[in-house]
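If you read the protein sequences in the order shown, they are chains A and B. When we follow full-length UniProt numbering, the leftmost residue of the first sequence carries the number 1, and every step to the right adds one. When we follow full-length UniProt numbering, the leftmost residue of the second sequence carries the number 1, and every step to the right adds one.
No lab work stands behind these hints, which were simulated from the structure alone. Just so you know, not all the hints are guaranteed correct.
If chains are identical, the list can't say which one is meant, so a pair holds when it fits in one copy or spans any two.
[Stated by the list, open to error] Derived SDA-like pairs (lysine to any residue); straight-line CA-CA distance at most 25 Å:
1) K86 to K144
2) K71 to Q143
3) K33 to Y108
4) K33 to S113
5) K79 to N102
6) K33 to H5
7) K53 to F23
8) K86 to I74
9) K86 to K152
10) K158 to D141
11) K152 to T83
12) K86 to Q143
13) K71 to P160
14) K152 to F106
15) K86 to M151
16) K158 to P115
17) K53 to G11
18) K144 to S8
19) K71 to H5
20) K152 to T95
21) K86 to L3
2 protein chains.
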Amino acid sequence: MSLDHLNSVPGVTAQPEAATSQFVFNHTMLRVKNIERSLDFYTRVLGFSLVEKRDFAEAQFSLYFLALVDKSTIPTDDKARTTWMKSMPGVLELTHNHGTENDADFAYHDGNSDPRGFGHICVSVPDIHAACERFETLGVDFQKRLTDGRMKSIAFIKDPDGYWVEIIQPDL
Amino acid sequence: MSLDHLNSVPGVTAQPEAATSQFVFNHTMLRVKNIERSLDFYTRVLGFSLVEKRDFAEAQFSLYFLALVDKSTIPTDDKARTTWMKSMPGVLELTHNHGTENDADFAYHDGNSDPRGFGHICVSVPDIHAACERFETLGVDFQKRLTDGRMKSIAFIKDPDGYWVEIIQPDL
Numbered sequence: 001m002s003l004d005h006l007n008s009v010p011g012v013t014a015q016p017e018a019a020t021s022q023f024v025f026n027h028t029m030l031r032v033k034n035i036e037r038s039l040d041f042y043t044r045v046l047g048f049s050l051v052e053k054r055d056f057a058e059a060q061f062s063l064y065f066l067a068l069v070d071k072s073t074i075p076t077d078d079k080a081r082t083t084w085m086k087s088m089p090g091v092l093e094l095t096h097n098h099g100t101e102n103d104a105d106f107a108y109h110d111g112n113s114d115p116r117g118f119g120h121i122c123v124s125v126p127d128i129h130a131a132c133e134r135f136e137t138l139g140v141d142f143q144k145r146l147t148d149g150r151m152k153s154i155a156f157i158k159d160p161d162g163y164w165v166e167i168i169q170p171d172l
Numbered sequence: 001m002s003l004d005h006l007n008s009v010p011g012v013t014a015q016p017e018a019a020t021s022q023f024v025f026n027h028t029m030l031r032v033k034n035i036e037r038s039l040d041f042y043t044r045v046l047g048f049s050l051v052e053k054r055d056f057a058e059a060q061f062s063l064y065f066l067a068l069v070d071k072s073t074i075p076t077d078d079k080a081r082t083t084w085m086k087s088m089p090g091v092l093e094l095t096h097n098h099g100t101e102n103d104a105d106f107a108y109h110d111g112n113s114d115p116r117g118f119g120h121i122c123v124s125v126p127d128i129h130a131a132c133e134r135f136e137t138l139g140v141d142f143q144k145r146l147t148d149g150r151m152k153s154i155a156f157i158k159d160p161d162g163y164w165v166e167i168i169q170p171d172l
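Chain A extracted, bound-state conformation:
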């Protein structure tokens, strides 16, 4: 669909107000049961860096902010790093309510069965076949392999809580 058509889809404001010109879609927040498993998945399997952690001891939860960036671009100064992290798009926030990891019956809802809502996050990779072979080698759970279903150019893997992570390649 052409850009002109996209700009005339019902509901669309084709020229946003100047007031929104510096707005940034900064992050998406997911609750996770076992933070150690989630940090392992997002940093080792997907390459995110942990760029900020905030602990709320009294309310018994912690927040973890992750970004998929070149490590050399992360500010070492704590205050500068916070401002930097809040200014960029593509941050993932994980919320860990302390102790959920010790409850065998505890599980979060991935949004893809009733009641539905949130669907998935997506990581774009330069070579989807190489990426999926690596995920297989690492023992990652798949929701949909490249060979499953009709759409052969996308895959879905699952994070430790079962949240779906779509894998795409930009030029496919």
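Following the hints, complete the assembly by docking chain B onto the known chain A.
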């Protein structure tokens, strides 16, 4: 917390594998009941641009991809725009299952009551007081105003489906 401490949090792989170096956290997908209302909210209130739409007539759903970018940077060529859109961080994908907007009883789940999981998305703004005053003027629903609760530097507004959108200012 210092970067050294962040790199030694249990579960964290401090130096990601080279295989992930070009990975990009591309998008987050939310299902929406009434696409016209959602497009109005995300383009007019928050300044997103609709950069791609895909229709699946047989399966009766459509996908809408939105990005918070300078309009002048959006490629006009359709193929180039698709590749560009899949290469950047901070894209929002909205899924519309056709006809849900006509069912008065239909509603999606925002993830913040049981069963919980997904929590919110977040938009960073240069001046949070100006942004929140504008949201009030526009009649946007608030989950938490700046003056509510303990944290006076963040707000939460609600999109037409009730999904929470956190509003932050990087240097606050």
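*From the Cα coordinates, with 25 Å as the cut-off, is the pair K33 and Y108 best called within, between, both, or neither?*
both (7 Å within a copy, 23 Å between copies)
*asked:* Cα distance capped at 25 Å. Does K86 pair with K152 within a copy, between copies, both, or neither?
replied: So K86 and K152 pass the 25 Å test across copies only (16 Å; inside, 36 Å).
*asked:* Checking an output row: K79 and N102, CA cutoff 25 Å. Within, between, both or neither?
replied: neither (33 Å within a copy, 48 Å between copies)
*Homo-oligomer pair classification [F106, K152; C-alpha up to 25 Å]*: neither (34 Å within a copy, 32 Å between copies)
*Within a copy, between copies, both or neither: where do K158 and P115 come within 25 Å Cα-Cα?*
Both ways: K158 and P115 sit 19 Å apart in one copy and 18 Å across, limit 25 Å.
*When no copy is specified for K144 and S8, does a C-alpha distance of 25 Å or less occur within a copy, between copies, both, or neither?*
neither (34 Å within a copy, 33 Å between copies)
*Under a CA distance limit of 25 Å, which applies to K152 and T83: within one copy, between copies, both, or neither?*
between (40 Å within a copy, 17 Å between copies)
_Cα distance capped at 25 Å. Does K158 pair with D141 within a copy, between copies, both, or neither?_
within (5 Å within a copy, 33 Å between copies)
_Treating 25 Å as the Cα threshold, decide for K71 and P160: within, between, both or neither._
within (24 Å within a copy, 37 Å between copies)
_Within a copy, between copies, both or neither: which one fits K53 and F23 at a CA-CA cutoff of 25 Å?_
both (23 Å within a copy, 22 Å between copies)
_Up to 25 Å CA-CA - Q143 versus K71, copy category_ = neither (30 Å within a copy, 35 Å between copies)
*Is it within, between, both, or neither for K86 and L3, if the alpha carbons may be no more than 25 Å apart?*
between (30 Å within a copy, 16 Å between copies)
Checked against the numbered hints given earlier, this structure breaks hints 2, 5, 14, 18; the rest are met.
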